[in-house]
Amino acid sequence: MSFFARFAQNRGALIGLIILMTIILMALFAPFLYPDSPWRMVQRPFLAPMEVDGFLLGTDTMGRDVAAGIMHGAWVSLLIGLVSTAVALIIGVPLGAIAGYYGGLIDDGLMRFTEFFQTIPNFALAIVLVAIMQPSVTSIVLAIAIVSWPPVARLVRAEFMSLRHREYVEAARLVGQTNRTIILRQILPNTLSPIIVLASLMVATAILLESALSFLGLGDPNVMSWGYMIGAARTVIRQAWWLSFFPGLAILLTVLALNLVGEGLDDALNPKLSRER
Amino acid sequence: MSEPVLSIRGLTIALPKGADRAYAVEDVSYDVERGEIMCVVGESGSGKSMAANALMGLLPKGVRPTAGEVIFDGQDLLTLTEKQHRKLRGLHIGMIFQEPMTALNPLMRVGAQIAEVFEAHGKYNGKERQAHALALLEEVGIPQPDKAIRAYPFQLSGGQRQRVMIAMALALEPKLLIADEPTTALDVTTQAQILELIRDLQKRRGMSVMFITHDFGVVAEVANRVCVMRYGQIVELGSAEEVLENPQHEYTRALIEAIPSNIIPEARGGERPAPLLEVKGLNKVFRSKGGLFKAAREVRALDDVSFSLAPGETVGIVGESGSGKSTLGRCVVRLERPDSGTLSLAGTDFTTLTGEELRRQRWRVQMIFQDPYASLNPRTRVGYAIAQGPMANGVTREQAMKQAGELLDLVGLGAVAVDRFPHEFSGGQRQRIGIARALALNPELIVADEAVSALDVSIQAQILELLEDLKQKLSLSLLFITHDLRVAAQICDYIIVMQHGRIVEQGTAEAVFLSPQEAYTRELLEAIPGRDHELESA
Amino acid sequence: MLYARLILMRLLKAVVVLFMIVIFNFFLIQMAPGDPAAILAGEAGATDQEFLRQLRERFGLDQPLYVQLWRYVSGIAMLDFGYSYRQQMPVLDLILARLPATLLLTGTAFVLSLALGILAGSMAAARVKKPSGSIIMALALIFYATPLFWVALMAVVLFSVYLDWLPAYGMYTVGAGLDGFALVLDVAKHLVLPATTLALFFMAIYTRMTRASMLEASQQDYVKTARAKGLSPRVIQRRHILRNALLPIITLAGLQAGQMVGGAILTETVFAWPGIGRLMYEALMQRDYNLLLGIFFFSAALVIVFNIITDLVYRLADPRIKEGS
Numbered sequence: 000m001s002f003f004a005r006f007a008q009n010r011g012a013l014i015g016l017i018i019l020m021t022i023i024l025m026a027l028f029a030p031f032l033y034p035d036s037p038w039r040m041v042q043r044p045f046l047a048p049m050e051v052d053g054f055l056l057g058t059d060t061m062g063r064d065v066a067a068g069i070m071h072g073a074w075v076s077l078l079i080g081l082v083s084t085a086v087a088l089i090i091g092v093p094l095g096a097i098a099g100y101y102g103g104l105i106d107d108g109l110m111r112f113t114e115f116f117q118t119i120p121n122f123a124l125a126i127v128l129v130a131i132m133q134p135s136v137t138s139i140v141l142a143i144a145i146v147s148w149p150p151v152a153r154l155v156r157a158e159f160m161s162l163r164h165r166e167y168v169e170a171a172r173l174v175g176q177t178n179r180t181i182i183l184r185q186i187l188p189n190t191l192s193p194i195i196v197l198a199s200l201m202v203a204t205a206i207l208l209e210s211a212l213s214f215l216g217l218g219d220p221n222v223m224s225w226g227y228m229i230g231a232a233r234t235v236i237r238q239a240w241w242l243s244f245f246p247g248l249a250i251l252l253t254v255l256a257l258n259l260v261g262e263g264l265d266d267a268l269n270p271k272l273s274r275e276r
Numbered sequence: 000m001s002e003p004v005l006s007i008r009g010l011t012i013a014l015p016k017g018a019d020r021a022y023a024v025e026d027v028s029y030d031v032e033r034g035e036i037m038c039v040v041g042e043s044g045s046g047k048s049m050a051a052n053a054l055m056g057l058l059p060k061g062v063r064p065t066a067g068e069v070i071f072d073g074q075d076l077l078t079l080t081e082k083q084h085r086k087l088r089g090l091h092i093g094m095i096f097q098e099p100m101t102a103l104n105p106l107m108r109v110g111a112q113i114a115e116v117f118e119a120h121g122k123y124n125g126k127e128r129q130a131h132a133l134a135l136l137e138e139v140g141i142p143q144p145d146k147a148i149r150a151y152p153f154q155l156s157g158g159q160r161q162r163v164m165i166a167m168a169l170a171l172e173p174k175l176l177i178a179d180e181p182t183t184a185l186d187v188t189t190q191a192q193i194l195e196l197i198r199d200l201q202k203r204r205g206m207s208v209m210f211i212t213h214d215f216g217v218v219a220e221v222a223n224r225v226c227v228m229r230y231g232q233i234v235e236l237g238s239a240e241e242v243l244e245n246p247q248h249e250y251t252r253a254l255i256e257a258i259p260s261n262i263i264p265e266a267r268g269g270e271r272p273a274p275l276l277e278v279k280g281l282n283k284v285f286r287s288k289g290g291l292f293k294a295a296r297e298v299r300a301l302d303d304v305s306f307s308l309a310p311g312e313t314v315g316i317v318g319e320s321g322s323g324k325s326t327l328g329r330c331v332v333r334l335e336r337p338d339s340g341t342l343s344l345a346g347t348d349f350t351t352l353t354g355e356e357l358r359r360q361r362w363r364v365q366m367i368f369q370d371p372y373a374s375l376n377p378r379t380r381v382g383y384a385i386a387q388g389p390m391a392n393g394v395t396r397e398q399a400m401k402q403a404g405e406l407l408d409l410v411g412l413g414a415v416a417v418d419r420f421p422h423e424f425s426g427g428q429r430q431r432i433g434i435a436r437a438l439a440l441n442p443e444l445i446v447a448d449e450a451v452s453a454l455d456v457s458i459q460a461q462i463l464e465l466l467e468d469l470k471q472k473l474s475l476s477l478l479f480i481t482h483d484l485r486v487a488a489q490i491c492d493y494i495i496v497m498q499h500g501r502i503v504e505q506g507t508a509e510a511v512f513l514s515p516q517e518a519y520t521r522e523l524l525e526a527i528p529g530r531d532h533e534l535e536s537a
Numbered sequence: 000m001l002y003a004r005l006i007l008m009r010l011l012k013a014v015v016v017l018f019m020i021v022i023f024n025f026f027l028i029q030m031a032p033g034d035p036a037a038i039l040a041g042e043a044g045a046t047d048q049e050f051l052r053q054l055r056e057r058f059g060l061d062q063p064l065y066v067q068l069w070r071y072v073s074g075i076a077m078l079d080f081g082y083s084y085r086q087q088m089p090v091l092d093l094i095l096a097r098l099p100a101t102l103l104l105t106g107t108a109f110v111l112s113l114a115l116g117i118l119a120g121s122m123a124a125a126r127v128k129k130p131s132g133s134i135i136m137a138l139a140l141i142f143y144a145t146p147l148f149w150v151a152l153m154a155v156v157l158f159s160v161y162l163d164w165l166p167a168y169g170m171y172t173v174g175a176g177l178d179g180f181a182l183v184l185d186v187a188k189h190l191v192l193p194a195t196t197l198a199l200f201f202m203a204i205y206t207r208m209t210r211a212s213m214l215e216a217s218q219q220d221y222v223k224t225a226r227a228k229g230l231s232p233r234v235i236q237r238r239h240i241l242r243n244a245l246l247p248i249i250t251l252a253g254l255q256a257g258q259m260v261g262g263a264i265l266t267e268t269v270f271a272w273p274g275i276g277r278l279m280y281e282a283l284m285q286r287d288y289n290l291l292l293g294i295f296f297f298s299a300a301l302v303i304v305f306n307i308i309t310d311l312v313y314r315l316a317d318p319r320i321k322e323g324s
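Chains as they are written, first to last, in numbering that gives the first Met the number 0: chain B, 0 to 276; chain W, 0 to 537; chain L, 0 to 324.
Keep in mind the hints are simulated off the structure, nothing from the lab. Computed from a predicted model, the values in this text were never measured in an experiment. Note that CB positions come from ideal geometry on N, CA and C, so glycine has one too. Please note that a few of the clues may not be correct.
To list a few chain W residues with every Cβ distance to chain L over 12 Å, as calculated [claimed, not checked]:
#	residue
1	86
2	154
3	195
4	247
Chain L stretches covered by chain B per the calculated footprint, using a threshold of three residues with CB under 8 Å from any CB of chain B [what the hints assert, rightly or not]:
#	stretch
5	14-21
6	81-87
7	135-148
8	152-165
9	170-184
10	202-214
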């Protein structure tokens with residue numbers, strides 16, 4: 000069975016993929032559909048959804064178009080989610096690979112380091128980092144990457160530890176392959192599927208983290224994001240619940256879609272067929 | 000003869016769609032008589048344990064009987080509801096499994112797990128249950144039963160756990176005991192004890208036993224009657240004597256002959272030439288790391304081990320699990336570094352080599368691994384997997400691939416196999432690929448670590464034949480590590496017996512097998528299943 | 000005896016981790032753009048030259064780096080977390096005053112999420128391939144994907160604004176002058192929304208984990224043994240499958256403790272719950288970095304306490320570790 004056929008067997012994953020595609024398209028077409036800055040005041044404030052034509056989701060406390068904000072916010076969420084996950088992988092994969100492959104003191108040292116980062120409450124650390132580095136897309140990406148690499152390192156380490164004593168790896172050592180070749184050619188390709196699955200879930204978590212930071216007022220002041228929109232509308236929740244509702248729904252759908260896709264990837268990449276006896 | 004305890008008639012069990020065949024077993028009929036041990040024998044995939052699982056109502060999901068009946072106590076077990084089945088299990092039919100290490104709940108005390116059987120069938124009150132559990136533990140011969148009853152499974156050895164399983168299965172004195180490969184995961188000496196226990200209990204209690212195994216040696220030890228299965232069908236059915244002495248079907252004959260047994264190693268005489276491999280005073284201790292407050296634990300895996308191996312010779316290292324035989328092999332190929340002692344190969348000291356120097360010399364000693372499923376990278380094409388060795392040692396890719404094709408031809412797979420992935424091959428074929436890989440570097444010495452242990456007997460015989468053949472053609476020097484004395488007898492010139500990291504006895508194969516000097520060697524030899532049978536028939 | 004030793008070990012490790020966090024904090028201040036004294040004083044305090052001078056002197060900001068580090072670390076070792084210029088109070092007093100509220104909130108949410116998560120997960124495991132099982136898992140997935148602060152806001156809209164069932168803000172009714180049981184009831188009422196919304200996300204995690212872990216455990220050989228004994232499915236499910244499946248969940252619960260303390264920041268912010276999370280938000284709004292770092296330190300300490308507790312529970316549950324000497 001082909002990869003996609005296995006993926007498509009999971010109906011949830013297919014739905015997730017469709018939602019995700021829609022959001023990506025939203026992000027791509029935002030500059031064309033809403034060429035104006037989402038920060039611009041375009042109408043009376045507190046318009047309810049559909050109250051005035053052309054303002055599908057109404058306007059916020061300052062008269063900005065909520066729909067424009069959501070479209071532009073999609074771009075920021077996806078970008079920060081992807082880039083911070085990539086950075087986390089760049090930190091976590093080599094650390095985990097080296098710790099798992101060499102073991103011993105190197106492993107001990109690296110794992111103490113990883114454990115330290117795991118003990119610190121993630122979100123509090125991210126807040127402190129962004130607050131002190133000053134909020135910007137770069138500082139947010141860095142903060143999210145710094146709090147999310149430990150699980151990657153642990154996963155890669157565990158995979159490497161179980162694979163390094165696998166007989167084909169020992170055979171590779173015996174025929175005289177170098178450690179570099181063994182790590183890159185023999186072991187790493189066999190750890191890719193769990194890493195890909197984890198990465199797709201990490202993008203989801205990163206988006207949640209970013210929205211939480213923006214909600215607390217730690218978003219990049221130059222870009223519109225979903226979390227910021229909810230945070231800004233928090234004080235007027237009694238009068239205008241929809242201002243918080245729609246951006247939140249956007250986050251929920253994006254994260255949900257990514258999780259569904261992640262599960263689909265897991266099914267497709269790691270078929271849990273019963274081992275033959 | 001009185002009515003059989005169990006009567007299987009025309010049983011057919013369907014496999015789920017997409018399996019490699021439609022039926023797990025097809026139109027199978029046999030009886031288990033009162034007070035007999037009925038052995039159901041077959042290789043993996045023969046469907047030998049299917050009937051047992053069906054009558055217990057323990058078939059895996061998606062697998063279901065489609066025809067036939069299984070009569071026990073006057074009722075057809077296949078028509079029972081789950082609830083009725085449950086009443087039967089444990090009470091009238093007991094069952095034990097292959098893996099004693101995982102068959103007990105790791106979080107419950109042994110006594111509580113036995114008492115559960117009484118609880119499940121509403122027998123006795125709390126205190127009585129413990130008393131009965133204690134009596135059972137005594138009956139199955141667990142040392143210090145009063146302590147064992149409060150033990151957790153991880154505190155017991157494999158053999159002891161299997162005894163607990165037996166105690167559990169026999170708790171309510173069932174009429175029928177089903178034993179599904181109960182000794183396969185055990186060492187030979189432990190296996191012999193468990194077999195004796197089962198035979199003993201069967202006689203004492205006069206119960207019937209359905210004994211499922213792949214090993215004709217075990218059959219010879221315990222069976223009254225035998226049912227040989229293959230691809231889900233019965234090949235041969237008869238009394239143990241008939242089947243073993245005078246097999247009618249060629250498959251049965253092949254299986255019996257495939258047991259490397261009746262061969263008493265022939266003397267390969269003469270002086271041993273100057274050694275290729277010389278091992279002197281090798282020591283290796285494994286330490287589990289202690290914490291600040293935790294004492295470190297030490298296991299002496301190798302204790303002053305010395306031996307030598309001449310060019311063109313096959314030396315067998317024989318021992319049970321924990322004997323240090325695998326550690327020895329791993330030290331010789333330098334996957335482990337010995338703590339002290341020397342290991343020299345044709346004059347080069349292999350013990351002290353490290354880093355780049357070691358990597359360059361590695362081609363001289365190669366290894367054939369145990370598990371054909373783990374020894375090949377699932378993402379690497381077979382030809383490339385073989386070519387990697389020469390390429391790491393400076394041969395061009397083109398040249399190495401060409402050679403890989405020739406080697407695949409040599410091991411009987413044909414050069415066309417180069418472009419295929421490991422999952423396209425069976426276990427035996429993969430083992431051939433592993434052999435080709437070991438040969439690719441033209442090594443001076445090959446270490447085979449349990450190289451045939453994971454294979455079915457008939458495949459095992461083919462691989463041994465291939466090795467024998469290659470030995471002649473290429474005058475290989477082979478260090479052959481195995482737990483199976485029958486295999487060692489077939490291929491080795493010289494035998495080393497190990498126990499607890501020490502060499503107990505070493506000598507020519509003939510000397511070790513025919514006139515063992517040490518008590519442990521004799522114990523090992525006596526524990527070989529089916530041995531008495533061979534002597535009678537010899 | 001063994002436990003005393005174990006706790007001692009864990010405390011030792013905790014001290015090392017906390018020490019590293021202090022050093023981490025120190026370098027964070029150093030790395031930040033601008034004058035460290037101004038950062039410590041916070042935005043409002045930075046204009047007060049006298050206060051800045053005091054700070055410089057206290058931390059020896061004109062001294063070499065290692066002297067500064069030493070002063071900072073030894074200050075914290077004496078439980079001196081500095082002074083919050085904005086709130087006109089020592090940081091330690093501020094935090095200690097708010098700590099009980101956070102403990103109450105996170106503790107309740109922890110127990111709630113674990114209990115309900117395990118319950119829902121085992122129900123879903125027993126109903127694989129049945130609609131009811133799928134519904135549980137779908138709900139778990141949705142809660143898992145929902146932003147905590149958003150659920151909190153929506154809960155306020157629904158249960159406080161529209162239905163008017165529960166109070167939306169604070170920990171007790173201000174000015175009601177309640178005591179005794181009435182006060183407990185009042186706090187409990189205020190606790191319902193924050194604790195539930197905080198628990199929801201973690202409940203989703205435990206539900207998914209419990210189900211996966213139980214399905215895995217049900218494949219084990221000992222379950223087949225249990226069936227061969229003739230035990231009823233309920234006993235097998237509870238005594239053999241669930242007990243073994245719980246071990247990885249205890250480990251996970253320990254790992255999730257840190258996330259929960261982080262989640263409390265959001266929940267307390269939305270519900271104006273007077274805990275250290277809310278305090279952190281206030282510090283953030285006022286750019287009161289000294290207070291921020293102090294809270295950061297305490298939240299890490301809180302996580303360590305949670306970790307030690309789950310570690311001890313694990314040892315109670317798994318005999319293999321207890322006697323593994």
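Here is what the structure says about each hint:
Separation of residue 86 of chain W from chain L is inadequate, the least Cβ-Cβ distance of about 6 Å not exceeding the 12 Å criterion. Its closest Cβ contact with chain L, about 7 Å, brings residue 154 of chain W to no more than 12 Å, contrary to its assignment away from the interface. Consistency note on residue 195 of chain W: stated as away from chain L, and its beta-carbon is indeed over 12 Å from all of that chain's, at 23 Å minimum. Annotated as non-interface, residue 247 of chain W keeps its C-beta farther than 12 Å from every C-beta of chain L; the closest such distance is 34 Å.
A stretch counts as covered by a chain when three or more of its residues have a beta carbon under 8 Å from one of that chain; for the stretch 14-21 of chain L and chain B the count is 3, and the coverage holds. For the stretch 81-87 of chain L, the stated coverage by chain B is violated: 0 residues have a C-beta nearer than 8 Å to a C-beta of that chain, whereas at least 3 were required. Check on the stretch 135-148 of chain L: 8 of its residues sit with their Cβ under 8 Å from a Cβ of chain B, so the three-residue criterion for coverage holds. Here's how the stretch 152-165 of chain L fares: 5 of its residues keep a CB closer than 8 Å to some CB of chain B, so the rule of at least three is met and the hint holds.
Proximity of the stretch 170-184 of chain L to chain B, defined as three or more residues with a beta carbon under 8 Å from a beta carbon of that chain, is not established by the 0 residues found. Remark: the stretch 202-214 of chain L is not confirmed as covered by chain B, as 0 of its residues place a Cβ nearer than 8 Å to a Cβ of that chain, below the required three.
Of the numbered hints stated above, those contradicted by the structure are hints 1, 2, 6, 9 and 10, listed in ascending order.
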